[in-house]
Each structure stands twice: as structure tokens, then as C-alpha cells.
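Engineer: Sequence:
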Amino acid sequence: MRVDPAAESPLLASRLTPAVPPEPVLARPRLLRRLDEGAAGPVTVVAAPAGWGKTTLLATWARLDGGTPDVEPGAVVPDSGDLSVSPEDSPVSAWVSVEVGDDADRLWAYLAAALRTATGSAEDGPVPDRPPRPDQLELLAATLAAADRPVLLILDDLHRVADPAALHGVEFLLRHAGQRLRLVIGARAGLHLPLHRLRLAGELTEIGPDELAFTDDEVADLLTAHGAALPAADVRQLRERTGGWPAALRIAALAVRGQPDPGRWVGQFGGDQPEIAGYLREEVLATLDAAEEDLLRRTAVVESVCADLAGALTGRADAGQALADLAGTGGLLHREDTRPPWYRCDPLLADLLRADLARLPGPELRDLHVRAADWYAGDGRPADALRHALTAGRWDLAGDLFVAHWPELTRYDSDPVHAPAPGAPPVEVIRADPEVALAYAAERAYAGDLPAATGHLRAAAGHAPGLPVPRRQRFLRLVTALELTVARLADDPVEVRAAAARLLRTRPPGATPTRLPDPASSGGAASPGGAASPGGAASPGGATLTAGGSGAADDADLRAFTGTALGLVELAGGGLPTARFVRARAAAREAGRPRTELVGVSRAALLLAVRGELRAAEQAAREALGMPPCRGWSCRLDCAYAYLASAQVALLRDQPDEATANLNLAGPALGVAGGLVDGSAGDAGGGRLAAVRGEPVATAVAALCRAHLHRDSGDPAAGQRLLVQAREALVDLPSAAELTSLLRAAEAELRAERGDLDAARDLLVGVDTDPVLAVASAKVELLAGDAAAAGRGLPAWQAPAATAWPLPVRLDAGLLDAVLAGRAGDGRRAGRLLEQVLDLAGPQGCRRVFTHAGPPVRDLLAAHLDAGTAHFTLVSDLVRGAGPSTARPAAEPRGTLDEPLTERELTILRYLQSILSNVEIASELSLSVNTVKTHVRNIYRKLDATRRREAVRRARELRLI
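So in the numbering used here, spot 506 of the sequence shown is number 494, and the numbers just go up one at a time.
If you're looking for bench data, these hints aren't it; they were derived computationally from the structure. Among these hints, one or two may not hold up.
Unchecked claim - Pairwise CB distance ranges, derived in the manner of DEER restraints:
#1 Gly454 with Ala790: 55 to 61 Å
#2 Val753 with Ala220: 31 to 37 Å
#3 Glu159 with Pro219: 35 to 41 Å
If you're wondering where the values come from, they're calculated on a predicted model, not measured in any experiment. Using N, Cα and C, we set each Cβ at its ideal position, and we do this for glycine too.
Assemble the whole structure, with the sequences as input and the hints as a guide.
Structural biologist: What follows is the structure, given as C-alpha cells:
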């Protein structure tokens, strides 16, 4: 403790030095770098609820003097500060810990002490001890602006300042100190600073819970530092259960060391444990008023909530604003930026709230479930509606929901269902209405409890003989539909096909197959690849089973349901059933089943992208991501397929940044992260659903995309490793031949480019029957310098059968044919072949095959401009992006222009490479012929040329085109 002479009040030295965090403290370089980047600007705010490691992060960073050294992730930071780096031009840091009850006088006493230390001012200098007057503020701002080094002021727990006026002086200094004062703030919520203005001005760096959350690697490092190392699967589960919340992870790290079965303990770890519950009540819930806590508790009956749903559950007209406040200033809810926005609690807080919810009186709790069921039913989410109806004991509502929405009550992803199992319907209810037992079986199957689902399904089937004939026929169809669902979730493809066949036999006589959608108006069209069989869904046989109640609608349900199920079985086996998903999607749209449609359109998008049908794939992916079921953290796997399709489209269009961004969006749901494909399948033991099964096609396509991006960034070895892993993961799958060929071809090309020609050739055994491998083999031979062998092995890419090949493979073959023709001296044939390839690639926007094909293709493209092409703009762009040419060695320009060309002259110069006349160029650019002639004369003068070819040659020497 020390006494400030001017204020004559004690100042605690501990409030003016960085807090000492609990040991061990791990270095988190990604966050330290974010602070470094933020501290270069005016204000950085680290905002999160209690326990998110704000003070620990800021103190660790401050001990490094605001500069992040070369620290390995997971390193333990020592107390000595030996890791610090202090460049002469770095800011001078000062620390102030704010405490509850600090008014303007007390806060400024500490600010004055910190600023004096940082600026070296004397006690009677320009730093006032009390809240400064305007003239004192101006003097202090001028002193800071004239300082040799900026002052970095770290204010921890600034949310404790309750009086907005206490921070007016800080705001003034920020605006008038010439950017020589920089603030780094740690807070929970409710800051009295103009953050919106700073945000709009681009002067605010924000670090929130999403960034503060521990990653899997950081969780593993923390456990290791505590002497409690766990297997990777348990680490991942612990991170998911805690949401990466640092406080909970530290509690878990201390507790798990003494557990005889750590893996089992992690599986049971939750927010209702005494240590976690106590922390949450004291540090989180205690900061809320009664209305906010009640809103959180009542909305905890559902896993995620939007304003409308919250209003239905609480009766509050202002529920939407309350949710936004809790997510924004409070940081207690995660927000998904959809329209409308959805919110959810962290997993452990949700556990605690649900435990509190269970203590409500029975009628009040049942009312909440009924409200949720009614809202979900009206919003087109029948699976959620069914679960809440059963939990509330509304057997009539549950039976009606199942009969009306059975095609949408099957599970299509592996997201865990955290809600407890609803109570089973009483025997007398089932006896009177056996469909209720089917509804309960459907809910249990959806939750992954297959033994319970099978038991109730069998019990329900026993009531079929006593039903009237029309109802019995409908009932047995529903039983078969549930049998198909259970078989698919149990990964029993034989029984799936058998059940699907039984359902398809119930189609009405004379039923017509699904019409394929018009490519111009929907997300895709039938593709030559993949099986083409009508799918379907169990039909009620004339009873009013669907929303429309017509036989046509029932038949569409039948086709959508079985088609989707069969497509997923083929996909799980490594197949690429493009047409099946296109047909199933069309049937689901016809029947008005958005959840089933989303499955079809998202899978069709990816498979169309793999085939190179980029326009249809892009449209299908956009439609999938825009569908209502994708909101509120629902259907993450389906959204991941759409993002992965977008990544494949972007890759083939040579948009690497967009491809990377979409891969990152797809990664979490597919188990693809950091460029590695995680094929772990989860635990199917105990008779529970093997729900976390891999997605072999999606992970293989993700590996293909990542491998190409690694190759483009100069790391082909990393790409090769990814392809090997993905190929090995497909070894035991029965239908993965086509996908395996794509992986083998890509790996062979990478190996050949790295000089390992023998290994590349070994991968391409069997080229006689596989066009994908044959084209890759021809490319390898050309890389090896054997053009004759390449020509002999090149398959007939213009034959009618070649229309079934993936478009990128066909384009590769055509380009290779053109290159071989050019090498043989047949320039005319090379030009014709290149024009045919452009005809195929142009409509889809497929550019990568040209831009990454190497110098020979650039030479062909450059020559093609001179000869004339119907794709002039595309070829001009490709010439600039296809890499250096071998026709002219890359050399420094011979000189620079005394007078540079204008933008319009550069545009016309590019057209001069073609055979277009001045009149045609004028027409292309919507200019007069005289204007074009004037620009051409200027171009000749500036390039010191007298004719078109000379001007073009000179421009190429100067790298202008």
C-alpha cells in the first residue's frame, strides 16, 4: 500500500500492477497476437462473462510488456517475465484494476498514478489526481501527444464503474491525445464508452467469448500442465461440454486427476456439478435481475431460441430485445446472425438452468412444453414439436404430429439431443391410439436411442390386427417407414433397401416418377452420374396423412422419403448418387417437406460440384443455406454440405480465398479442421446410435480441396498426405471406386510434380477402364517428357460416352489433347481443340484447369488470342492468370514508358491481341470508331510502334498484357 500525497488516500500497489494469475498459466499465442494487433489502434476491448479468462489473458500479455515473443502454443509462462520483449518504440504500459464502488474521484486517483508512472511526470505535473477540469484535460492531452512513446493503459474490470461521468475524461483523452493513448479494456458488460462510434470508425478491436474459448489443442495443453492428460476423443468431448469456457476447464483439470475412469467422468461432466453450479450462480446469475434470470430459465426448455419463440414461452413482448441485450452487453448468449437471429446458452449454463427448470411445479413445466410444441409445429419443425408434446403428455398432439409429419421425423445429422427422454405413453393410451406408440418410437430413434425405439415399434405393431382395414393399412406403412429409419440409423444398408422396397410397393397404381427440376429455376438437374431411381416415402394409402391429403402428395412423400434414405446409404458407402438426390429433392419440394428437401438439395449441391456442374451446384448450395431449417444451429451437417459445395465451386473457378472460407465454415460439422480430416467415428457401444459416423464422401472432397490449396500455396507434400489419408479411409467402402479414382489421380499428379514418377505410375494401375485414371496417366507421361505415351493413353474425350465424365476430367483431357497437337506442329488443330474446351468450360466459369495447367497452356491461350476466339474476354483473363509462358523466357522489361497508357488505352490494347477490327472493337466497348482510332494512335505513339503486331509485342515485353 502507498499513500498518494495529493489525494491523501491510500492507493494499493496491487491495483497498479498486473494480477498474478493462478498457476499454471498457458501461453495462448493466437490471443496474444490479437492483443498486439489491437494495441496498435486506439481501443481494444476483451469482453465476456465471468470465468472467460479476461484478467488472465491481459495479465499474461502485460507481463510480456505488450509484445508477444516467439512462444510455442501451450508453453507455461513463468512469473519472472523472462519472455518479455521491449522494443524502443513500443508503448509504455500501465495497469489499473477497477474495483466495485470506484467513483470518479477514486478511479482518477489510480489513473493519475498509472499515467504518472508511464509518462514519468512529477507529482505536480500535468496529471491531476481528481477528475480533471477541461483545461487540465487539454494540458494532459497535449502532454500525451508530445510523449516520445505511446501510453498503453490497461483497465481491468472496467464494467465496475457505474457512473458514466467517471469516464468522460478518458474519452476526451482518446480523441485529443494524437493517438498516443491506447486503451486495452477487460470487462463483462455495460461499458460507459462510445463503443459504437469507435466501431464505426474502425478504431475498435473486440475479443469476445468465441475467441476466448479454448480450442481442442489448448484444452489438451491445459490438462497436460495439470498432470491430467486425456485421450483426444475425451479432450474433444470435454471442450464440447464446456463450450471452451476457461473457468470450467480449469475446474475439470483439477478434478479429473483423481478419477479412476477419466473418460467416464468427462462424459458425465455438466453444469449441475456443485463446483460449476456454485460458480455460475455466484458469478453469472447473481449479476442478472429477476426478469432476465426468468427469461433465461424459461427459454432453457429449448436448445436455441429466437425472439418469437421466446415470446411464446414467456409471454413477453420485449423478449427479442431482452435476448439481444443478454447476447450483446451481457455476453451470456451466443447469437447466430440469421434473420431472425437465434440465441443459445453455453452448455454448462444450460445444464444449470434446466436443472432449475425441473423444479418448477408440474403444470407450469408442462405448459412450457406445450407452448414450445405449438410454436415448433407452426414453424415447420415437427421433430422438436413432437419431443415437447410427448414430454408434456399431450398424447393426442403427439399422435397427430406423427401422422401428419412422419417423413420429417427422421434424423439426418449427428448433433446430440441434450433433452431428457420423455416419459413413455401409458398402456391405455397406446391401446386406444397405437399411433402414439409409433410417435414415441420415432422420437426415441431421432434421439439416438435405438433399443427403445425398436421396443416401442414392436409393441405398437402388435396392435395392428385390431385396427379397421383402412387404418391398419396406413398404420403398417408407418411401421415400415419407421423400420427403414431405424435400419438407416443403425447402419444396416441391407435392411434399408428391403424396407424401401416394401414401401415403394405401396405406391398408388399408375404413379408417375418425379419430374426433374428445370435447371433454370432450381438448384440442379439430373446428372449423368449416379443412380437414377425414384425414391419415396411411406404412403398412407388414401387416408389423410399429409398436409395436402391427396394421393399425389402422399406419393411424393413416399418418393422423397425412400429416395433420400437410399441416397444416404449409397453416400455412406462412398458412392456419388447425384441423380437420386436430385429426384428426392424434387419429390420433397412437391410434397412440401422442407427438412427432407434440405437433405436432398445440400447433397445434390456437393455431388454436382464434384461433377463440375458449377452453376447448378452453386444455386443448390445457396438455396440450401437459405432454407428455414438451417437457422438456429439446426441441420449443421446439411449446411456443411452446402458450404463444401461452395468451396468446390470456388476452387474450380480459381477463387482460393473463397474456397478456404467455405471449407472453414464446413469444417466443424464434418470433422474437418486445420486442413486435416478427422475420420473418427464416435462410440456406438451400448446399443446406442452410432450417430457420429463419418461422412466419407464429404471428407474426401474436403481433402481434395485442401490438397489443391496446399499445392497452390507451395506445400504439395501436405496436400499429398491429405490425399493418402482420405484414400485409405475409403478402402473398405463398397461404392467408393469413382471417388477413389479422383483421389488417386490427384495424388499421382502431385507425386509426378514432385518428381516421383514411379510412385505416380503405380497409383494409376487400371487406366484401361477408368477415364479419370487414364487422363491422369497421360498427364504424368507428359510431365515425364514422353509425349507419345501421353497421346497413346489419352482417352477419347469427345466421344458421346465422355459426357458422363466429371467436367474437370474432360477439360483436362481436352487441354492435354490441344497441347499435344501444338507440340506436334498442328497449330490449327490445337486451336480447334482449345476452342472446344473453352466452349465446355465457359458456361460453368471453370478457370482452374487453365490457370494451373502450366506454361504450355498459356502459350496456347496467347496464340489463340491472335487467331481469334469466341471467348475473347475469358481468354484474355486466362492469359494474365495462367503463369509464365515458355515461348518467351520471363525477363525484366526492357524499359518503361515515358508516358503511361490510360485505363481505356490498356483496355483497347488487350483487344489489339485479337483479330477484331477497329469497328468490332468499337462495338464491343460501345465507343465510336473514331474514338477507338484515336486511342490506337496514342497506343502506337506511346509504345513506339507503327503497326498492331509490333504494339502487341512491345506491350508483352513491358508486361502490360
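Engineer: Confirm or reject each hint.
Structural biologist: Quick rundown of the hints versus the structure:
Roughly 60 Å separates the CB atoms of Gly454 and Ala790, a value that falls within the hinted 55 to 61 Å. Hint check: Val753 to Ala220, Cβ distance near 35 Å, so the stated range 31 to 37 Å holds. For the pair Glu159 and Pro219, the supplied restraint of 35 to 41 Å is violated, since their beta-carbon distance comes to about 51 Å.
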